[in-house]
Structure formats: C-alpha cells, structure tokens
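K.L.:
Chain A is already provided as a structure; the job is to place chain B on it using the hints.
These protein sequence lines are chains A and B, in that order. Just so we're aligned, residue 3 is where the first sequence starts under our numbering, counting upward by one. Just so we're aligned, residue 3 is where the second sequence starts under our numbering, counting upward by one.
Watch out, some of these pointers could steer you wrong.
To be verified - Derived coverage of chain B by chain A (criterion: at least 3 residues anywhere in the stretch with Cβ under 8 Å from a Cβ of chain A; other residues may be distant): (1) 143-152; (2) 186-200; (3) 257-268.
Said to hold, decoys possible - What follows is a list of derived Cβ distance ranges for each label pair: (4) A:R154 <-> B:R87: 53 to 61 Å; (5) B:G62 <-> A:G85: 51 to 59 Å; (6) A:I195 <-> B:T21: 38 to 46 Å.
Said to hold, decoys possible - Here are some of the chain A residues that sit facing chain B, going by a computed Cβ distance under 7 Å: (7) F146; (8) T147; (9) P149; (10) N222; (11) A223; (12) S224; (13) S242; (14) I243; (15) G244; (16) D263; (17) L273.
For the record, the hints were derived by calculation from the structure and aren't laboratory data. If you're wondering where the values come from, they're calculated on a predicted model, not measured in any experiment. The beta carbon of each residue, even a glycine, is placed where N, CA and C say it ideally should be.
Number of protein chains: 2
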Amino acid sequence: MRQAGRYLPEYREVRSRVTFEELCRSPELCAEVTLQPIDRFGLDAAILFSDILVVFDAIGVPVAFNPAPKVASPVRTASEVDGLRWGRAADHLDYVYQAVRACKRALAGRVPLIGFCGAPMTTASYMIEGGGSREFEHTKAMAFTEPALFGRMLERITTLLVEYLAGQVAAGADALQIFESWGAAFAPDDYRIHVLPHLRRLVDECKPLGVPIILFVRGNASLLAQAAELDADVVGVDWSIGMADAIEVVGPRRVVQGNLDPLTLLGPPELVTAKAEAIVAAGRRARAHIFNLGHGISRHTDPAMVQHLVDVVHGA
Amino acid sequence: MRQAGRYLPEYREVRSRVTFEELCRSPELCAEVTLQPIDRFGLDAAILFSDILVVFDAIGVPVAFNPAPKVASPVRTASEVDGLRWGRAADHLDYVYQAVRACKRALAGRVPLIGFCGAPMTTASYMIEGGGSREFEHTKAMAFTEPALFGRMLERITTLLVEYLAGQVAAGADALQIFESWGAAFAPDDYRIHVLPHLRRLVDECKPLGVPIILFVRGNASLLAQAAELDADVVGVDWSIGMADAIEVVGPRRVVQGNLDPLTLLGPPELVTAKAEAIVAAGRRARAHIFNLGHGISRHTDPAMVQHLVDVVHGA
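Next up, chain A with everything else stripped away, as it sits in the complex (with noise of 0.2 Å):
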C-alpha cells in the first residue's frame, strides 16, 4: 500500500505547496514523500510514492485528480482505443523512473523499495468508466457486449505495463507489486474468463526483470485463488479473510502479504496489538510472511497509532 499521504503532517505540508499531479511528476518531491515514513516509522521496505494512473500520461489519456481521477474523454469504442498513443508508450514515464532513481539514491541502501503499477483490467477501468466507479458498468458491459475489443484493450495495457515495469527495475526497483484493485467488479467466472489471462501475462512477461513480485487482488476472498495461479512470488491478502484462511486457499508454499484492516488503527492500541499478533501468529503457517495492511491507509489515521504497529510486529 502507498505509505506516505494525509494522515501524515510531513506530507500534508509537501502537498499544500504542489497539486497531486505536480508531485507524481516531480521526482525529488516523490523521493521526499516516498521516504517520510521511512524516516519515521522505520519500516522494512519503501514503495515509491506515485499513482497507478500516471500510465494515462503515457498514452494521452488525460486525467485530472480532484481528489478523485476523473477522465474526461473515456475510452469505449474501438476506435477510440486504437486512436490511443501506444507506441512505446513507457518512454513516456521517465519522470517516474528518475523518482525511482531519486528514491534508491535517498534511500541509499536503506530497504528495499518496491515499485508497483495497477494490474490491466484496474488500469482499464478508470479510462473505460471515465474515474473511478462503485458498479463497472461500462467495464463489464463492454467485456459482455464487446470481449474482443475488450481484450483488445487489455493487451496493450498490459504491454504498456510490461515495459513500465521494466523501466522501473532499470531505475532500480528491488521489487514490483501488483495492484488489482477493482477485480471483484467481476464475478469469479467472469474474471477468469476476461481479466485473468492479461494479469497471467503481465507476471510472466515481468518474471524474466528477476525481482519479486507482489500480486495484491482485493475485494474479493473468491479471486485469491486465481491470483494464487498465477507466478507471482508473494500473494497479498486484503482484509476479507482471516489470514489462515488466506493460507488454506493459496497453499502453505505461497509467501503472503497482509492482512491487518487499516481501520483497526482507529481503534485503541490493545486491539491494534491483538489483532496485528493473531495476523504474525497465524501467517507463520505460510512459507513466509511481509506484515502489511490488508488496504490503504486511511487519513483519519493518528501517526502513533502506526508507529505502535510497526513496534508490535518488529517484537512479536
């Protein structure tokens, strides 16, 4: 999950000088904020600070964040998907590989950092609905009425997110993770069938930049046993399942990430401890564990309370 944003005062105060948009294309301003919880909380690993959709750049889709993304011109028809710019399109991400560059520098050894991107069909989405959506309706309607074009859609995508990729471990990203973050618009079947053979693709085709890979799948407990198909060398968990259930469905060779509910650090500290040592007693059951939130951070977040979490996983 993005580590640094509003719950902290060190990036409020960064963000009251810059837009969103201005500090995803400014790679110092991505250092910065990528290592303010670093700084703080002594984690074990850094993700660097930028937005999934940073990618619409790439291929002149136009977004605006209010917060919310908002694509004014959404991509449906098939001409409007082959009118895109798709021809090395990852050329134009350089302003995220040099915050990789800037990040590895900052960090100077520190932890790792992880790199990431949305997974196809999450990434699709946003230009498909034209922002963010509760029902997909135009997402499914076109993979239902239109599979082809659909497809179609996805597989430049995922070539896009291929290269991308690769141009972040170029920067020096020690790890990438996957962000499915809307695959439970579709049902289990309709998943398979539509978005999971472009996610399969996108691990193979990332496999071969030899850095793990971290495949995060949420909102749907069904689909964590396709995303357990696929080579990824760690499953994440999100909150919708216990985290020995998470291991029964994926198997005990599987490294896992998760799975603590962020809103449980809007509870008191005896819980926040309970609950984050029930997670670490029970991922010692898979072949390893990364400790993380099973979702992002929420702003209403009190710093202490993250600080008391890192502190009760580092001791349990």
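P.N.:
Quick look at chain B alone, frame taken from chain A:
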C-alpha cells in the same frame, strides 16, 4: 432484490409524479409499483416496494433521498443513541403495513409477497455514517473504540426490526428477506464479534412469525459461512462467488437464492441464457434454489432482457 425501478418506464412514470419519499409513504403507489414487474414479466413472487431506511422515520431520524440517502444528523454518541424514539417505534410504520395490505389485495393470491428489512448493521451504518459509505470509517471506529455502545445501538435496532417484520407479517407478508447489504465492511472476525450476534437474534426472533426467512449477506463470500450458521430458511447468494462454490459453503441441505450478476443483463441474450442456465444447473445441487439476481438491477437494463431471463429460467 427490488424488482421495480428506474429501468421500467411505468415506474419512471410514477416517479415523475412523486418523490421517492412520497412513493414509499403511499400504500397505494407502493402496491402499484410492486405489481408492475409482476404484471410485466410473470415473476413467481413479488417483493414489497419500500426502502430499508423507512425505519428511521420510526425512531425520529430524518433521512432525505437525493437520490442517495442522507442523514443530516448522524447518530454516534451514547446520548445521540439513547435520545432516539425507541419505544414502540414500529408502530410508526403503519404506512408500510398498509402497503403490504394493498399489495396483497392487488395480488389477489397470484404470487406470494416478500416483505423485508435491512439487517441491523446495514441499517445502523446509514445512521452512523450519515448516509452511504465506502469505507464505513465511523461505523467501524464506533465498533472498535466503543463496542458496548455499538452493541447497544444494534440491540435496539434489532428490537425495532423484529417488531417491524412482525408488523409486515401481520399485514400479510408471506415471506421475509433480510438484507445485509454492507456486512462486508467488517473483516470476518470482526463481523462475527460485532455484527453476527444481532443478526442471529433478528433471525431467531422472527422464526416464530411462521413465514420463510431469506437472509442475504452481500459483498464478501467469506461471510457466507457465517450467514449459513443462522437459522434462516433461505441463504441468498450474491454474485461474488459461483453458485456451485456457494453450495459447497452453505451445504447441500440449505435452500439457496441467487446469483446472476445483474450487469449480465447488459450483455447479449446468448450470454444471459448461458449464465442463467449454468446457475440453474449448479443450483440443482442444493436442497432447493430460488433463481434471482445476485444484487440490485441496473437502471440501464433493457426490460426485454429481463423478460428473456425470466423465460430462460422458467424453461430451464
């Protein structure tokens, strides 16, 4: 699920004359729109047209629909909870019981009528959040930081819901459906601690009413096992899990209801046919299966596709 709605021109015609609140408070208009899909499609049961939030009327919590529900004065503190009009609250919902009677008169025995309510936590969440929510931060913060207060609130809501459902049965409802629309807000362990006991009490105290109870817990297949622990006659299944897998979870001795993704109806008729037939086939492994959508119907649905679905299911 609600059968009437904006996808039907005859419903939009009614709504062009009255607000949503006026419609919910008019027994005759409720009966009119309740019967619209029955007259049009030849469905096998009718579900009362109403809203789960009419119970807020009874306890003196104003709610507006524009169209999303909005509670101007959220209920979060002990004094706010205790200050509501809990005593004999269900007596204030006579217009709903009148709507049930009007539906029964209009149906004249053609098909059974299903009454309904929201589950305790789903109902409470709108009061606590002040409307719909994505993260349910206030609801969960209340459960985590003040579990006794959260429990007292759900306890009181449950008492109201038992009386409310009894009123619907006394007025003629032939079956009852309990909608846990937002149970997935809680991780499974938290759901079991903070939510399930109240849902269990609601089911147990409604059993003596002598009509079948359908329990629908939506949004997280991990909660299906908990739903199946309760003594409801029918377990509703949303579309986040395949019907065959759902029957594995709830066991072959349960009656199941569901579970077509309603956005399938935006696809071509062949897709609707194939998916409906697959669900019917999978449902044969259960003790009995009530075919239904796995969530509410989209307003972009072509009524002709609903008719196609009804015909496919009746022919399967």
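K.L.:
Hints the structure violates: just list their numbers, smallest first.
P.N.:
9
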